[in-house]
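Chains as they are written, first to last, in the working numbering: chain A, 834 to 1185; chain B, 834 to 1185; chain C, 834 to 1185; chain D, 834 to 1185.
FYI, nobody ran anything at the bench for these hints, they're computed from the structure. Just so you know, these numbers come straight off a predicted model, no measurement behind them. All C-beta atoms in this analysis are idealised placements derived from N, C-alpha and C, irrespective of residue type, glycine included. Incorrect hints may appear among the rest.
Claimed, not checked - Which bits of chain B does chain D cover? Going by a derived footprint, with three or more residues having C-beta under 8 Å, they are:
#1 866-873
#2 889-900
Claimed, not checked - Dumping the calculated SDA-like pairs for lysine to any residue here, alpha-carbon to alpha-carbon at most 20 Å:
#3 K865/C / V896/A
#4 K840/C / L897/A
#5 K1093/A / L897/A
#6 K853/B / S939/A
#7 K865/C / D846/C
#8 K865/B / K865/D
#9 K865/B / D846/B
#10 K883/C / S966/D
#11 K840/D / S864/D
#12 K900/C / Y970/D
#13 K903/D / Y879/D
#14 K900/A / S842/C
#15 K883/B / T971/A
#16 K981/B / S1008/B
#17 K853/C / Y879/C
Number of protein chains: 4
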Amino acid sequence: MLIVMTKGSPEKDLEDILEKLTQMGFTGHVSKGVERTVIGVVGRTYPELKDMMEMWSGVSEVVLISKPYKLSSREFQPQDTRIRVGDLTIGGEEIVVMAGPCAVESEEQVLQTARAVKAAGANILRGGAFKPSSSPYTFRGLGEDGLKILALASQETGMPVITEVMTPQDVELVSRYADILQVGTRNMQNFILLDEVGKAQKPVMLKRGMSATIEEWLLSAEYILAQGNRQLLLCERGIRTFETYTRNTMDISAIPIIQKLSHLPIIADPSHGTGRWHLVAPLALASVAAGADGLMIEVHPNPESALKDGAQSLTFENFERLMEQVVAVALSMGRKMAGSAKGEAKEVAKGN
Amino acid sequence: MLIVMTKGSPEKDLEDILEKLTQMGFTGHVSKGVERTVIGVVGRTYPELKDMMEMWSGVSEVVLISKPYKLSSREFQPQDTRIRVGDLTIGGEEIVVMAGPCAVESEEQVLQTARAVKAAGANILRGGAFKPSSSPYTFRGLGEDGLKILALASQETGMPVITEVMTPQDVELVSRYADILQVGTRNMQNFILLDEVGKAQKPVMLKRGMSATIEEWLLSAEYILAQGNRQLLLCERGIRTFETYTRNTMDISAIPIIQKLSHLPIIADPSHGTGRWHLVAPLALASVAAGADGLMIEVHPNPESALKDGAQSLTFENFERLMEQVVAVALSMGRKMAGSAKGEAKEVAKGN
Amino acid sequence: MLIVMTKGSPEKDLEDILEKLTQMGFTGHVSKGVERTVIGVVGRTYPELKDMMEMWSGVSEVVLISKPYKLSSREFQPQDTRIRVGDLTIGGEEIVVMAGPCAVESEEQVLQTARAVKAAGANILRGGAFKPSSSPYTFRGLGEDGLKILALASQETGMPVITEVMTPQDVELVSRYADILQVGTRNMQNFILLDEVGKAQKPVMLKRGMSATIEEWLLSAEYILAQGNRQLLLCERGIRTFETYTRNTMDISAIPIIQKLSHLPIIADPSHGTGRWHLVAPLALASVAAGADGLMIEVHPNPESALKDGAQSLTFENFERLMEQVVAVALSMGRKMAGSAKGEAKEVAKGN
Amino acid sequence: MLIVMTKGSPEKDLEDILEKLTQMGFTGHVSKGVERTVIGVVGRTYPELKDMMEMWSGVSEVVLISKPYKLSSREFQPQDTRIRVGDLTIGGEEIVVMAGPCAVESEEQVLQTARAVKAAGANILRGGAFKPSSSPYTFRGLGEDGLKILALASQETGMPVITEVMTPQDVELVSRYADILQVGTRNMQNFILLDEVGKAQKPVMLKRGMSATIEEWLLSAEYILAQGNRQLLLCERGIRTFETYTRNTMDISAIPIIQKLSHLPIIADPSHGTGRWHLVAPLALASVAAGADGLMIEVHPNPESALKDGAQSLTFENFERLMEQVVAVALSMGRKMAGSAKGEAKEVAKGN
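For reference, chain A alone in the conformation it holds in the complex:
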């Protein structure tokens, strides 16, 4: 952190600032240039300091040099984080695919979908038992019954399960059934929940807040990492802009940016990222081409009657077609799909 003094500010200001820095536990190192005096601040700084220090007498500008996040940064850990879930490794050379319905509606719906997506090459089953919804009058999920259905489908297909946890009290419950805990976009800055999943013994996937900067997202990741849970995945799912044709604008650039700034795996969710099923395939392929470590795709046996987010869900047939394209693009990028036991999966599916 650098404090740039205003031209011609009195010596007294400089002295006062150095004293304040000491009181706050920082060390200040003064460099007097021809036009400007600059104070280098050493210590664990954070973004809010900038605003405060810019109020100090004699200060022209405060510059944050070191990034405010640490554990999630490439500087802290140069090599990629790899997360083991069952036989899968997320964050390596292989691309993982998470697929399933937006919301768990019934055992049949989930089992049917699980078999279909596995047959098409998916590695992880997604499905919501606790559903955030902007309106209190809509379906809010089956709760623990939904978790049980997911566990059943996991057992049958051998796919691990990822599902959302919405509140600190539920972390233990959801951990009992799920292989990966998902923190949703509306909870990216639910700090108490972040603390709690940070203490869980399960991998966590943290979705980007719909109006969060990348820096804020990495700071939220920091909450989880700081509690000791290093099995963390990030998920880009679209941000809010002025465009109204799509529900969100998917920020594909976030994929290479995260990979540059952080060692954490990055998953792309084109279903929420666009909100429209006919955009899911092109954005899924774009995500793979941009280097994503995985995809999360909503699939439903009958999107037209889905209780939740049917408009962004693929049919089994569309998902199967997409997977073929994903494989092709992945290969062209020199990457391969996780669990290439795709043929085997197909047999399982046929057996049902």
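Chains B, C and D: place on chain A using the hints.
The following block gives chains B, C and D in isolation, referenced to the frame of chain A:
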């Protein structure tokens, strides 16, 4: 809700849709125009239906006519909601002022501030005991100790207290000390928390999410109202835009819009709305001129060394000056300040 | 401008940078701190340099300290710019009101409106002869015929005229009829047009681009000032955000920000800023309370049948009511309305 | 267009509306439903009508059903537009690559770059002779001298040239030297310029405005098409959001959306779309995977000393590497690169 059919769609599509509507518990009424057939849908609809129905065969467009929120709407309750807190009435002709430090730091800091803001004409004491912060490495509040300090200051000055509750587990605890529970911007869509404060016996102030549309905000209000708690205030605190000079862009138009769409009182928070102390006064005055029912202002004995949000906090002197201007603008608008016992307040202050 | 070197960067990098700076006509002054080496760059710098310099080997960060605009800044000219138009002074203690129809439709429409707004206290007549429109299939204005109608109305009422010029070729033509040239939001970065109005002998009002930062706006002002035209007004007219209830989100904070950063007068346009007539009055009052030097308001004899922007136009009656409130708020702020010859204006109106 | 009447609105309102519609040249068809009366409006409608009609007495809501653009829509022309430029076809199965420096700086710089990008497989030479710049104090291009240099490089390498035209007066001049006229992001709504390039005999590439919705973009396209010029390409180049890491957020979803709504070819510009050279390759590949018909890439012999946009320019080496990846991804998508005479190009390059 209206379903507009595509030109020349087959009769079969129309029949299928009417059947689906019946299955979903809605009634469909068909109007055949010269160019278009339109189905009027009667029943409790919600925004997500639009996306789903637009996937149905033969559908060109779905139009939401009735608003998705109900209890918070002017249609449901034409007259303004008035909330009693101690001797105050929020939401009537009088303008209330909530003031105090961003975060509770110490007994002395809070008491000193409480006396000063009361002397200047504030009606309600604000202060955070649980502080959301984008970084895990910054001050997160004193917790229950902070609540105790607020209660003490309330007792001494006679001002009711408003403070934030961040998680469902804490609703009971915070309710024991506070007169108004605040739900912060990052929790506007923390639906479990909304449910919980909806069950509390205390008034609630719901801040607008930093990227929430006004409709989403009213839907979040609906969660609280639907649980039976009708003592609800809304608070505009700035939204996220591309502008970087301010921390947020305060949406002053939200004030008259809320008053048109809803019966709930609307408070303006220019401290968070701008993030810069020198903008707090002009935006506070603008809020009053636009018709706000109250203001929430951050005041600190020494903003330059505040543990939190010093950059947007007013000194005692600046707050006093602002209050004089607020009174003048309020009068010019034909409104008066709550608890005009300002002289009395001054004596209390002098006594200390 | 400061170049902050990365920790431990080789001496060779520093030497190379100093040489490059010299070649580019800048001078570099090196300050070696304990942790970081910082180079102060002296010379006329500009924002794009930052991106380029951050590519240089050994550079960690580049910090722009001096603002990229100069002639529009308070540093360059501490006292407010005051612009004389006829008997009016814009930018002083008085608040000016520009009012009239969005588009010139007919002589009768303009004359009728001009008389009504003058009677209600407006000082300047607005009206568009050249109308930008998102669609090529809508009304694009009467062109020179429209300018003639405005001139006629100006002659009859004694009010100066402000009207938009859309393209460099038309600057001379519009200057013949108008007293103030308006550059619209879509042309804020039409640099050739900015050059051209910068050469004109008429005052110019530059509207903020709908997605322009305040810094970019001041840089566009710089184009006009740099050509020698110092009679420049700025106009806030709403920015684009994710909110869909309003056409734009009016950034009221831009008013005090411009007044802090620049000496140029700032006008508020709540008609375009909201796009809805029932929000015009509250936002107009908010603008005055925030310190605006003037208002621009769309008024139409019959908004329901206006060829352009009827939804945001006030009727004569609504405008008259608004003016009464504006006067009250202005007084409460210690300001007065321009041309307080309001009584006189009323007589003129009665005479017609 | 549908006008939805409010429940219980008087018959008189309906009659008045029908009369107004007739006066405006529309026909109104009334459908009386159980709850609502709906008027279908037939005629050439446009978005602004909605706002106006919603002011009419008795109107609850106005719904735009037909899109406001026509000539650019798939409905108007189902098959893809293909544009011939020399031997190239843009908009077919082949992917075209436009590459070159941001700004023309010197003959040597352009020739060197032209040879290098051609050798690497580019098809069209880009380069700016007239440069829009946010600040009047920066490089604004070489003007006609720059056009001459581009023409020279075109002659030598056989590549057609695309370059920006900034103002109506220059359309003829630029047309003399360029093969494709580019309308930049800041001029997307410079309607006079759109008219003028619509009259030109050259293909035009229209960049998306940095805060334009897709609908507005297509409406701007309509201006050009309506003047008779059907040789039109669209270019996505990033939109403005709250994210600050990138200069813009590239809206990859715009690629498949344009292809769904319109028959016009869509080009992606990841250089401006991100503003950072290390993001250009991943976003270029993402664009191809999302289905783009072409890429526009900034390449510079020495980005570190470019007069303009060096931070987003690729070196020759990085561009060559990118092209190899682009070919691989294109093939995986079943598409091929335009002018596969890549070997031949390499020989030309070697010859120099």
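Checked hints:
1. 866-873: holds (count 6)
2. 889-900: holds (count 4)
3. K865/C / V896/A: Roughly 17 Å between the alpha carbons, so the hint for K865/C and V896/A holds.
4. K840/C / L897/A: Within the cut-off at roughly 14 Å; holds.
5. K1093/A / L897/A: Given pair K1093/A, L897/A holds - Cα atoms ~19 Å apart, limit 20 Å.
6. K853/B / S939/A: Distance of about 19 Å is within 20 Å: holds.
7. K865/C / D846/C: holds (14 Å)
8. K865/B / K865/D: holds (9 Å)
9. K865/B / D846/B: holds (14 Å)
10. K883/C / S966/D: Holds: K883/C and S966/D sit about 15 Å apart, inside 20 Å.
11. K840/D / S864/D: holds (13 Å)
12. K900/C / Y970/D: Holds, because 12 Å separates the two Cα atoms, which is no more than 20 Å.
13. K903/D / Y879/D: Holds, at about 11 Å.
14. K900/A / S842/C: Holds. K900/A to S842/C sits at ~18 Å (cutoff 20 Å).
15. K883/B / T971/A: Given pair K883/B, T971/A holds - Cα atoms ~13 Å apart, limit 20 Å.
16. K981/B / S1008/B: The given pair, whose Cα atoms are some 12 Å apart, holds under the 20 Å limit.
17. K853/C / Y879/C: holds (16 Å)
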